[in-house]
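A.B. asks: In case you want the letters, here they are:
Number of protein chains: 2
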Amino acid sequence: MPRVSQDHLDARRRQILDGARSCFARYGYEGATVRRLEEATGLSRGAIFHHFRDKESLFLALAEDDVLRMTEVVAEQGLVQVMHDLLSTKPAGEENPADWLGTRLEVSRRLRTDPEFRSRWAERSEQLTTATRERLLRQREAGKLRDDVDVVVLTAFLELVLEGLVSHLAMGLPADDLDPVLDLVEETVRRHRRSS
Amino acid sequence: MPRVSQDHLDARRRQILDGARSCFARYGYEGATVRRLEEATGLSRGAIFHHFRDKESLFLALAEDDVLRMTEVVAEQGLVQVMHDLLSTKPAGEENPADWLGTRLEVSRRLRTDPEFRSRWAERSEQLTTATRERLLRQREAGKLRDDVDVVVLTAFLELVLEGLVSHLAMGLPADDLDPVLDLVEETVRRHRRSS
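Protein sequences, first through last, are from chains A and B. The opening position of the first sequence corresponds to residue 2 in our numbering, with each subsequent residue numbered one higher. The opening position of the second sequence corresponds to residue 2 in our numbering, with each subsequent residue numbered one higher.
Hints are supplied without guarantee of correctness; some may be wrong.
Identical copies carry no separate label here, and so any pair may be met within one copy or between two of them.
Within a straight-line C-alpha distance of at most 25 Å, the following computed SDA-like cross-link-like pairs (lysine to any residue) qualify [claimed, not checked]:
1. 145 with 77
2. 56 with 120
3. 56 with 145
4. 56 with 19
FYI, nobody ran anything at the bench for these hints, they're computed from the structure.
With these hints in hand, go ahead and build the complete structure from the sequences.
C.D. replies: Okay, structure coming up:
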């Protein structure tokens, strides 16, 4: 019954990723020892590394998984919604943005400190950029986007603000007054309504 | 001759700060050992710690020094100019923005990892926020600023973009295409010209 078996494999993979996510978020990449990964996932190292070659592969799969989820939100609601999600606290669960904030912070930290990681990450990061740019192009076709600034510039602008927000939260600075700032960011990429 | 003595003290203090700046930028806070600080400043530990109580005080003085220099640029040319400076490579020297990028990165890192540092830093950080807000208020009085968004929101917006830029540079991402993004940021806070 290969079908059931595949479902089982997928579920196990998901179990590992969910456990590992909170483990990396809590202890950081170096601090997430194999023992802690076992505790967090409720699985043996044998089971974990049956699914992922090593810790590095597990972390990259996790980060890629998060990028895909962010990409879906971007495609449907835009990058500014991703930022609003970062600010809101939702009940714990798979869609809790705080979960992927942890991974994102760890990615940022490794990009700063591990040049080799940069090349491995570049491809994943490109996915989010592409999703953002494509969403903006669709918005432009729908007449919702300003048309006096290149979409490449608007994409880079949104990504820069996202990075600032991630860094802001990472530094533990107060974020309860940032929603109006994100509204301003949203308005900046939209078509300006003329007073008529 | 107290006057000459004060000049001498000031020059010595400046010598220590300049050497320490490159030392912290190169090795990070923990990696900047007393021996390395001696090498970088060309002074003995006795001389260094005659001027600064300990390494922590030296680092804070340095970061505060940088904030004051940034504050001066902000007061005269605005926070967006600080960001343009970050992107430009100037000849090595006291006003080389890359120098204070190093310190700024170290501040960001310690804010993320050292909760105790946060409270010590809060006051210094407030200076830059105040300078930015005051500059914006003057711009508004001069009719150069948009008047439909609170200055507090515009200040937070600019600071978020600055933080994103610092993080972007820290991660070694390409920055040669960011000037049009900063132009967009500048335009966002300015008074919108109506087509008339």
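A.B. asks: Give the relationship of residue 56 and residue 19 under a CA distance limit of 25 Å: within one copy only, between copies only, both, or neither.
C.D. replies: within (14 Å within a copy, 41 Å between copies)
A.B. asks: My question is about residue 56 and residue 145: at a cut-off of 25 Å on alpha-carbon distance, are they close within one copy, between copies, both, or neither?
C.D. replies: For residue 56 and residue 145, the Cα distance exceeds 25 Å both inside one copy (43 Å) and across copies (53 Å).
A.B. asks: Up to 25 Å between alpha-carbons, please classify residue 145 paired with residue 77: within, between, both or neither.
C.D. replies: Answer is within: at 14 Å inside a copy they meet the 25 Å cutoff, but 36 Å across does not.
A.B. asks: State whether the alpha carbon distance between residue 56 and residue 120 is at most 25 Å within one copy, between copies, both, or neither.
C.D. replies: Answer is within: at 17 Å inside a copy they meet the 25 Å cutoff, but 35 Å across does not.
Violated hints amount to a single one, hint 3; each of the other numbered hints is respected by the structure.
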